[in-house]
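**Student:** Next come the chains, spelled out residue by residue.
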Amino acid sequence: MDRREALKRTALLGGAAASTTLLGLLQACQQQPRLEWQPVFLSMDHARLVAALVDTILPATATPGGLDVKVDLFIDLVYARTYDAAGQQQVVEDLEAFNSRSAAQFGKPFADLEADQRRAFLQEEEAGAPPFNPRVWGTAVGEQAPVGFYRGFKAMAVWAYCSTEAIGKNQLNYDPIPGGFRGCVPLSEVGKVWSL
Amino acid sequence: MPNYNIDARQDMTYDAIVIGSGMSGGWAAKELCEAGLKTLVLERGRIVEPIKDFPTMNLESWDFELRGGLTPEDRQKHYKGIRTGFIGEANKHFYANDEEDPYTEVKPFLWVRAHQMGGRSQLWGRQCYRWSDLDFEANARDGHGVDWPIRYRDLESWYTYVETFAGISGEALGLPHLPDSHFLPPMELNCVEKDVKARIEQQYPGRHLIIGRVAHLTEPINGRGKCQYRNKCDRGCPFSAFFSSTAVTLPAADATGNLTVRPFSIAHSIIYDEQQGKATGVRLIDSETGEMKEYFARIIFCNASTLGTTRILLNSTSSRFPNGMGNDSGELGHNLMDHTYRVGAFGRFDGHEDMYYSGRRPNGIYIPRYRNLDEQTKSDTFVRGFGYQGGAGRAGWGGAGNADGFGAEYKDALFTDPGPWSFFITGFAECLPYHENHVTLDTQNLDKWGQPTLAIDCEWKENELAMNQQIEIDAVEMLERAGLQDIVGFNNRHEPGYGIHEMGTARMGRDPKTSVLNGTNQLHGVPNVFVTDGACMTSNSCVNPSLTYMALTARAADHAISELKKLNL
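Protein chains in written order, with my numbering: chain A, 1 to 196; chain B, 1 to 569.
It is worth saying that the hints were derived from the structure and are not from the lab. There's no promise every hint is true.
A few chain B residues that don't get close to chain A, going by computed Cβ distances all over 10 Å [unchecked claim]:
1. 36
2. 289
3. 353
4. 375
5. 411
6. 412
7. 519
8. 524
Here are the simulated SDA-like cross-link-like pairs (lysine to any residue), alpha carbons at most 25 Å apart as the crow flies [claimed, not checked]:
9. A/169 to B/417
10. A/108 to B/405
11. B/378 to B/476
12. B/80 to A/145
13. B/194 to A/178
14. A/169 to B/51
15. B/194 to A/189
16. B/38 to B/565
17. B/197 to B/489
18. A/70 to B/283
19. A/169 to B/66
20. B/197 to A/134
21. A/70 to B/407
22. B/194 to B/473
23. B/226 to B/180
24. A/192 to A/145
25. A/169 to B/398
26. B/194 to B/477
27. A/70 to B/69
28. B/226 to A/185
29. B/226 to A/84
30. B/80 to A/84
31. B/77 to A/40
32. A/192 to B/455
33. B/52 to A/182
34. B/293 to B/323
35. A/192 to B/416
36. B/80 to B/455
37. B/197 to A/85
38. B/77 to A/83
39. A/70 to B/72
No residue lacks a Cβ here, since even glycine has one placed at the ideal position from N, Cα and C.
Construct the entire structure; sequences and hints are all you get.
**Tutor:** Here's what the structure looks like:
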C-alpha cells in the first residue's frame, strides 16, 4: 500500500471514526511524558513517533540502542537541514499517514502501542515494501520503485545509528588507517562488520 | 610552495603561460619549469596545498554535522554536479559553484567542474590505461572523424615517462590492445572477484578480469607515501599516495624555482598579434576584483579542461580568427565526446560467506575490451568497443535497509553479519566523434563575471545506443555464467557528460582543413599555442583518458622546448 493509498483509506474511515480516533490521540498525548529535547523540525507528536520507531527498530540490548546514541535527534536534524520544503511536507504527510494506519488498526498512535502491537504493525509495513536498488558509485541502478516510508526510515535509522562515534568507533570494527589491503580474510579473523 | 603571483606587481612577462593547474596543466608546468622556462600557471580558483587545504581528510562521519548530507542550499549551489551522486559534505568544497558559472544544456549534458588548484585531478577515479593502435587507427579504419596524426609508437615512451613519475599500480597482461604500463605492484582481488575471474576466463576464452590499473602508489616513490587503503581519496590524500597535480606535478615544477601560480585568474582569451602572426599572452579576469589583466609569454599551454579550453579559444577572436583562435577548420567546439556509463549488471554471489577482506581498496576490477578486436569478435550492430569496471563486496550495515526485520536480533546483526556478497560491472563505451555534437559561446547567458557561457548540444546516437544494449546483454550473461544470483541488468540511460570524460572539441589531425591541432598539439594556425587537455582528442577509445593526457602533454612540452631552442616559436 503506498502513501496515497494509505491516505485515501484513512479518509474513508469517515467522520465519526476519525473523531473518536482523534480524541484518543489527544488523550494519549496528554498522558505521555514530554520529550527531553526540543525538536528542530518535528512536532512533539511526530518526535514521539520517530523515537518509538527508532526504539523498536534499534532497541537497547547489551549494546546501546538507537535512542541511547540520539538517533531520533539526528533524524530530526536531517529533516530540518537536508530536506527541502517539499521533502519536509512529505515527511509530515508520511508520519501522519503512519500514525493514521496505526490508529485505524489499534485505535492508538504508534508510540502508544504495546510491544507486540508495534511488532505486528511493523511486520505488516515491511511486507511488500520494495527494496532499495543496488547502488553503483553513489547512484541507484535501474528504476527505483518507491520503497515507502517505513523502509526508507529504517535505512535512515541504521545509518544514523552506525555513523555515530559510539557505534561506528566502539561497536563496529573501526580501522581508520588500514595501511594495506587483504582481499581474502576469514570473517572469524576480522571479527565484526567494518565500520567504514 | 610555489611563488604566488597574488599582488600582480611582478613582471607581467614569462617564458610560458599554462592555463589550468589540473591533470594536464600540472604536467605542462612540470615539464616547462624543469626545462628552465619561467612559467606562470593561471588557476581560476583558489590555491589548494596538500594537507593544509584538505580540511576533511581525517574526519569520520560523526565529525560532520550532517554526517555527509547536503542542505538544500548546497544542492542549489551544485545543481548540475549533484547529478553525479559524488558530492557530499566531505568533498563539496572541491566542486565548482554551478550558479556562478552556469552552462546551457541544449540537450541534456552534465559538465562537472572543479574550480581550484589541482582541478579534477583532486577528484578523479584514478584508473589508468594505455591506448593502443586499435584506438589510434580507429577513425582511419571505420571512417568516422579524422585520422589521428600519431600512433602508439609516438606515445609509447611518453607513457613510460609519465607512469614512472606518477606511479601506476597494476598487473601486466600482455594484451596488444591494452598495452601494459610500467607498473607498481598490483592491488589484490577479493575472494569473490578471484572466483568470478576464474569462471569468466574459463567460459569466455579471450576475456579477462583484472584488478584495475590505478594511479596509486603501492610502494613509496619520490618522497610520496604508499596507499593506506582508507578510501577517502576525494577529500585529498594526506600521504600523497594517489596522483594529483597538487601532490605530484606542481611540487616538482615548484622545486625548480621557475613556477609562479596565479590563483583567482579566469582566462578570458589568448592575445593574438596580427603582425607577428602568433599568440603573445593571455587576458584574464581577476575573479576577486573583476579586473582584466594581461600576461605575456612566448608559448601558451591550454589546459583548462576540454570545454574550458574550448570556451577560451572560442572567445579569443581577432581579425585573423573571427570565429575563435585556430578555428580555420570550423571544427573548434565540435566533435564533443564522452563515455557512456552506468550500463551493466549486478548480482548476489552465494558462497564465501565465511570470508571477508581488510582495508578499503580504492579500486575495482577491469574487464578489457573484447569486441571488434578482429574478424572473430566483429559486431554487426556497432563499431568500436567497451570495457567494464566493477567489483565485489559485502555491504555490511549499509545494506541493512533491505534486510528483513527489526529489534534486538536485527540490531545485533549490524555488528556481526556483513551481509551477502554482491558483484557488479558497469560498461564504459567509446563514443564516435560527430560534428554536430558541439558547443557554442552563449552570449545571452553570462557568468558571474559577465562572460559568455557555453551552450552544449550533444547526444548519444545509434552506435552508442547499440553498444549500450550489448553492454547490458553481455554483462547479464557474464554474471549468469559466473554463477551470480538474482541478477539485475541495468541501463541508467545517462546523458553524455556523466562519464566526466569530455573530449574532442579541438581535435588533433593531419589536415588543417579538418582539425584544430597538429600532431604535436599546436594550433595549426598559431604554433605557439598548445592544447594538451581532453580537447585535443581525435577519438576517445573506451579506456579512461587521463593517462593519455599526461603522455600527450609531456610529449608536446618536449616539442615546445625543442622548438623554442631552435627559435622556431
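**Student:** If a hint holds in the structure, say so; if it doesn't, say that too.
**Tutor:** The hints, checked one at a time:
For residue 36 of chain B, the non-interface assignment is confirmed: its Cβ lies about 40 Å from the closest Cβ of chain A, beyond the 10 Å cut-off. The beta carbon of residue 289 of chain B is kept farther than 10 Å from every beta carbon of chain A, the shortest such distance being approximately 34 Å. Consistency note on residue 353 of chain B: stated as away from chain A, yet its beta-carbon is not over 10 Å from all of that chain's, at 8 Å minimum. Taking the minimum C-beta to C-beta distance to chain A, about 34 Å, the non-interface status of residue 375 of chain B holds against the 10 Å cut.
For residue 411 of chain B, the requirement that its beta carbon stay farther than 10 Å from each beta carbon of chain A is not met, with the minimum near 5 Å. The beta carbon of residue 412 of chain B sits about 7 Å from the closest Cβ of chain A, which is not more than 10 Å, so the claim that it is off the interface is violated. At roughly 36 Å from the closest C-beta of chain A, the C-beta of residue 519 of chain B stays outside 10 Å, upholding its exclusion from the interface. Every Cβ of chain A is farther than 10 Å from the Cβ of residue 524 of chain B; the closest lies at roughly 39 Å, confirming the non-interface assignment.
Distance check on the hinted pair: residue 169 of chain A and residue 417 of chain B sit about 17 Å apart at the alpha-carbon level, within 25 Å; holds. Under the criterion of a C-alpha separation no larger than 25 Å, the hint pairing residue 108 of chain A with residue 405 of chain B is consistent with the structure, at around 22 Å. Distance hint between residue 378 of chain B and residue 476 of chain B is fulfilled; the C-alpha atoms sit about 20 Å from each other, no more than 25 Å. The hinted pair formed by residue 80 of chain B and residue 145 of chain A meets the criterion: a straight-line CA distance of about 24 Å does not exceed 25 Å.
For the suggested pair residue 194 of chain B and residue 178 of chain A, the alpha carbons sit about 22 Å apart, so the restraint of at most 25 Å is met. The hinted pair formed by residue 169 of chain A and residue 51 of chain B meets the criterion: a straight-line CA distance of about 24 Å does not exceed 25 Å. Among the hinted pairs, residue 194 of chain B with residue 189 of chain A is consistent with the structure: their alpha-carbon atoms are about 20 Å apart, no more than 25 Å. Between residue 38 of chain B and residue 565 of chain B the alpha-carbon distance is near 14 Å, which keeps this suggested pair within the 25 Å criterion.
With a C-alpha separation of about 19 Å, the suggested pairing of residue 197 of chain B with residue 489 of chain B holds against the 25 Å cut-off. Restraint check for residue 70 of chain A and residue 283 of chain B: not satisfied, since their Cα atoms lie roughly 55 Å apart, outside the 25 Å limit. Taking the CA atoms of residue 169 of chain A and residue 66 of chain B, the gap is about 17 Å. The hint holds against a cut of 25 Å. For the hint pairing residue 197 of chain B with residue 134 of chain A, the CA-to-CA distance comes to about 21 Å; that is within 25 Å, so the pair holds.
At roughly 17 Å between alpha-carbon atoms, residue 70 of chain A and residue 407 of chain B fall within 25 Å of each other, so this suggested pair holds. With a C-alpha separation of about 22 Å, the suggested pair residue 194 of chain B and residue 473 of chain B falls inside the 25 Å cut-off, and the hint holds. The straight-line distance between the Cα atoms of residue 226 of chain B and residue 180 of chain B is roughly 21 Å, inside the 25 Å bound, and the hint therefore holds. About 32 Å separates the Cα atoms of residue 192 of chain A and residue 145 of chain A, which puts this hinted pair outside 25 Å; it is violated.
Among the hinted pairs, residue 169 of chain A with residue 398 of chain B is consistent with the structure: their alpha-carbon atoms are about 16 Å apart, no more than 25 Å. For the given pair, residue 194 of chain B sits about 18 Å from residue 477 of chain B by alpha-carbon distance, which is consistent with the 25 Å threshold. Taking the CA atoms of residue 70 of chain A and residue 69 of chain B, the gap is about 17 Å. The hint holds against a cut of 25 Å. Of the supplied pair hints, the one linking residue 226 of chain B and residue 185 of chain A holds, its CA atoms being roughly 22 Å apart against a limit of 25 Å.
For the hint linking residue 226 of chain B to residue 84 of chain A, the alpha-carbon distance of about 42 Å lies beyond 25 Å, and the restraint is violated. Under the criterion of a C-alpha separation no larger than 25 Å, the hint pairing residue 80 of chain B with residue 84 of chain A is consistent with the structure, at around 17 Å. The suggested pairing of residue 77 of chain B with residue 40 of chain A holds, with an alpha-carbon distance near 24 Å, which does not exceed 25 Å. Annotation: proposed proximity of residue 192 of chain A to residue 455 of chain B is violated, straight-line Cα distance about 51 Å (limit 25 Å).
For the hint pairing residue 52 of chain B with residue 182 of chain A, the CA-to-CA distance comes to about 31 Å; that exceeds 25 Å, so the pair is violated. For a cut-off of 25 Å, the pair hint linking residue 293 of chain B to residue 323 of chain B stands: about 23 Å separates their Cα positions. For the proposed pair residue 192 of chain A and residue 416 of chain B, the alpha carbon gap of about 5 Å is at most 25 Å, so the pair holds. Distance restraint check for residue 80 of chain B and residue 455 of chain B: the Cα-Cα separation of roughly 14 Å lies within the 25 Å cut-off, and the hinted pair is therefore satisfied.
For the hint pairing residue 197 of chain B with residue 85 of chain A, the CA-to-CA distance comes to about 48 Å; that exceeds 25 Å, so the pair is violated. Taken as a hint, the residue 77 of chain B and residue 83 of chain A pair is honoured in the structure, with Cα atoms around 15 Å apart against an allowance of 25 Å. Of the supplied pair hints, the one linking residue 70 of chain A and residue 72 of chain B holds, its CA atoms being roughly 23 Å apart against a limit of 25 Å.
Going down the numbered hints, you'll see the structure goes against 3, 5, 6, 18, 24, 29, 32, 33 and 37, while the others check out.
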